[in-house]
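Colleague: So the protein lines, in turn, are chains A and B. Using UniProt numbering, you'd call the opening residue of the first sequence number 1 and step up by one each time. Using UniProt numbering, you'd call the opening residue of the second sequence number 1 and step up by one each time.
Just so you know, these hints were derived from the structure itself, not from any lab. Each residue gets a CB set at the ideal place from its N, CA and C atoms; glycine is no exception. Incorrect hints may appear among the rest.
Chain A side only, calculated, beta carbon under 8 Å to chain B, not exhaustive [as the list claims (entries may be wrong)]:
| hint | residue |
| --- | --- |
| 1 | Leu49 |
| 2 | Lys51 |
| 3 | Ala65 |
| 4 | Asn69 |
| 5 | Val118 |
| 6 | Lys121 |
| 7 | Leu154 |
| 8 | Gln163 |
| 9 | Met167 |
| 10 | Arg168 |
| 11 | Ala191 |
Examples of chain B residues lying across from chain A (beta carbon under 7 Å, computed) [claimed, not checked]:
| hint | residue |
| --- | --- |
| 12 | Gln208 |
| 13 | Ile217 |
| 14 | Met240 |
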Amino acid sequence: MQPTSSMKEEFLKKWQMGLQIYRPLIDNTSVSERRKAIKLSADVAMASLRKGTTCWSRALIQKTATEDNFLVRQMLSGIKAETLINKKLPKVMCHRKIVRRSKMILRRRQSRSAIEEVAAKARKLVKKKTQGLRNVVPGGEFMSNDVLLIQETLDYIVSLQTQVNVMRSIVDAAEAGSERTAYYLGKLKFAIEDG
Amino acid sequence: MDLSGRFGARSGDGVPFREAAALESLHIGGGEEFRQMVPPENAGGFTALLELPPTQAVELLHSSSSSASQATTLHSLGTLSFPSNPLLMERASRFSVIATDNQQNGNVSGETTTTSSVPSNEHIKTEPAETETCDQAAVEKQSNRCGKRKELDKKVKSSTKKKNKSSEENEKLPYVHVRARRGQATDSHSLAERARREKINARMKLLQELVPGCDKIQGTALVLDEIINHVQSLQRQVEMLSMRLASVNPRIDFNLDTILASENGSLMDGSFNGATMQLAWPLQVMETEQSYHHRQLQQPPSQQWPFDGLNQPVWGREENQDHGNDHNNLMVGSTSLHPNQVKMEL
Numbered sequence: 001m002q003p004t005s006s007m008k009e010e011f012l013k014k015w016q017m018g019l020q021i022y023r024p025l026i027d028n029t030s031v032s033e034r035r036k037a038i039k040l041s042a043d044v045a046m047a048s049l050r051k052g053t054t055c056w057s058r059a060l061i062q063k064t065a066t067e068d069n070f071l072v073r074q075m076l077s078g079i080k081a082e083t084l085i086n087k088k089l090p091k092v093m094c095h096r097k098i099v100r101r102s103k104m105i106l107r108r109r110q111s112r113s114a115i116e117e118v119a120a121k122a123r124k125l126v127k128k129k130t131q132g133l134r135n136v137v138p139g140g141e142f143m144s145n146d147v148l149l150i151q152e153t154l155d156y157i158v159s160l161q162t163q164v165n166v167m168r169s170i171v172d173a174a175e176a177g178s179e180r181t182a183y184y185l186g187k188l189k190f191a192i193e194d195g
Numbered sequence: 001m002d003l004s005g006r007f008g009a010r011s012g013d014g015v016p017f018r019e020a021a022a023l024e025s026l027h028i029g030g031g032e033e034f035r036q037m038v039p040p041e042n043a044g045g046f047t048a049l050l051e052l053p054p055t056q057a058v059e060l061l062h063s064s065s066s067s068a069s070q071a072t073t074l075h076s077l078g079t080l081s082f083p084s085n086p087l088l089m090e091r092a093s094r095f096s097v098i099a100t101d102n103q104q105n106g107n108v109s110g111e112t113t114t115t116s117s118v119p120s121n122e123h124i125k126t127e128p129a130e131t132e133t134c135d136q137a138a139v140e141k142q143s144n145r146c147g148k149r150k151e152l153d154k155k156v157k158s159s160t161k162k163k164n165k166s167s168e169e170n171e172k173l174p175y176v177h178v179r180a181r182r183g184q185a186t187d188s189h190s191l192a193e194r195a196r197r198e199k200i201n202a203r204m205k206l207l208q209e210l211v212p213g214c215d216k217i218q219g220t221a222l223v224l225d226e227i228i229n230h231v232q233s234l235q236r237q238v239e240m241l242s243m244r245l246a247s248v249n250p251r252i253d254f255n256l257d258t259i260l261a262s263e264n265g266s267l268m269d270g271s272f273n274g275a276t277m278q279l280a281w282p283l284q285v286m287e288t289e290q291s292y293h294h295r296q297l298q299q300p301p302s303q304q305w306p307f308d309g310l311n312q313p314v315w316g317r318e319e320n321q322d323h324g325n326d327h328n329n330l331m332v333g334s335t336s337l338h339p340n341q342v343k344m345e346l
């Protein structure tokens, strides 16, 4: 499914709310600080759309809470913020190498046919890819279930697309504004210098 | 956990009473019950069920009314002609009682459309708009299959391990049943593996539809590759956009939003308000869906400046929007000279 207009609106409102929190600090003139502020508020806005129902949104909020706790608390109203921030992270899955090694020890006696080997290789490849997917999706390491992982990925992709769409249109508008401004400023300057 | 359906880790902790608890939790109305299907401990619940010898498992299924309600959800929705099997009749009757107080009427009706529209027994096409509803429906169907499969496996010993529709049920239902090979009927591990694989394949199909360019690809690993690339590219785009926004005139990105926030309420009806252009360099921000795409796809932003020539409806619609005309066009003027003033202009 594609991002719906209501999702975009909600995201925009929440993002605005987050940016307003930064407004008093408008004298953080460094570009990188502003960028960070924008990105963080956008991320929290995106995650808060899901209201804590999905694993990735909780993980994302917790991740941004480590960077800017204040922002997260302000953006998420009330009780939800407390539960989301203070909730302990689920147990990380056991280290894959250890699991793999123990499996290999157990498997050593098995006889392998050619077909089995191919299948085993395919399975290994798929495992690698799912691990890669876990690294990309926030909170992926905590999803022990493959089914859950794919569901979360679906939701995450849709939310990312919403975020990108909204941000892109804002950026286009802002850049158009600044272009125009620069143009008129130039014209004005020229006119003044002439006259 | 791997996609190839490693079942071993789960089977150890499956317990009958957990299964019953899981099933009961499903009976609770509302979206929560399907969410509870998703967490690992409940997903393990069904596989635990499969671990039991078939007879015990069927008894469990008989006894839990919630599973009956689940299983019959699809039945009563579809144009099912029930067999004379007393078990299924019982379930149908139970469902007709349960369905009325089932809060998930939305999901149920969503499933109606999906089940009736999908003739194949393989995959669930998710029509509902929300992912959550889709997933709930998908999860529910998967759980139904698990329940149904156990019963039918008891009765049938076929020689091929393939997906079949049960002959006892209506052909229209997208049930996937796995008939075990001879001598493997009690191998609940492979059955459970197959169940998990079905779930995963269904969701992978959804992902393939979402990510552009994934339809043509064969093979799970490559599809996963594409998905990872897509997610990474989206994340990178977010970074780039935030960098661009930050490098623009600092006042604009923060004022823009106050402006949007203040004007949002007044324009909610979508009416075009006439206003005069007061300053030479207003900034326009469109909130309509058309604009979101057209700004990127069509005219470069500078061409929006002839203000009287602005006809937003003229801009084509490339997105299918349900609320295409419901949203306000928001035009905001802000200048570098008057950062705090808002100019409304249409």
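Colleague: Hint by hint, note whether the structure agrees.
Modeller: A quick look at each hint next to the structure:
1. Leu49: 12 Å, violated
2. Lys51: For A/Lys51, the interface hint is violated, since the closest Cβ of chain B sits about 11 Å away, which is over 8 Å.
3. Ala65: Hint on A/Ala65: violated, closest Cβ of chain B at ~18 Å, above 8 Å.
4. Asn69: At 20 Å from the nearest chain B Cβ, A/Asn69 fails the 8 Å test, so the hint is violated.
5. Val118: 13 Å, violated
6. Lys121: 10 Å, violated
7. Leu154: Holds - the Cβ of A/Leu154 comes within 8 Å of chain B, reaching about 5 Å at its closest.
8. Gln163: With a minimum Cβ separation of about 6 Å from chain B (threshold 8 Å), the hint on A/Gln163 holds.
9. Met167: Where the cut-off is 8 Å and the nearest Cβ of chain B is about 4 Å from A/Met167, the hint holds.
10. Arg168: This interface hint holds because 6 Å falls under the 8 Å limit.
11. Ala191: With Cβ-Cβ at 12 Å, over 8 Å, it is violated.
12. Gln208: At 11 Å from the nearest chain A Cβ, B/Gln208 fails the 7 Å test, so the hint is violated.
13. Ile217: 12 Å, violated
14. Met240: With a closest approach of 9 Å, the B/Met240 hint is violated.
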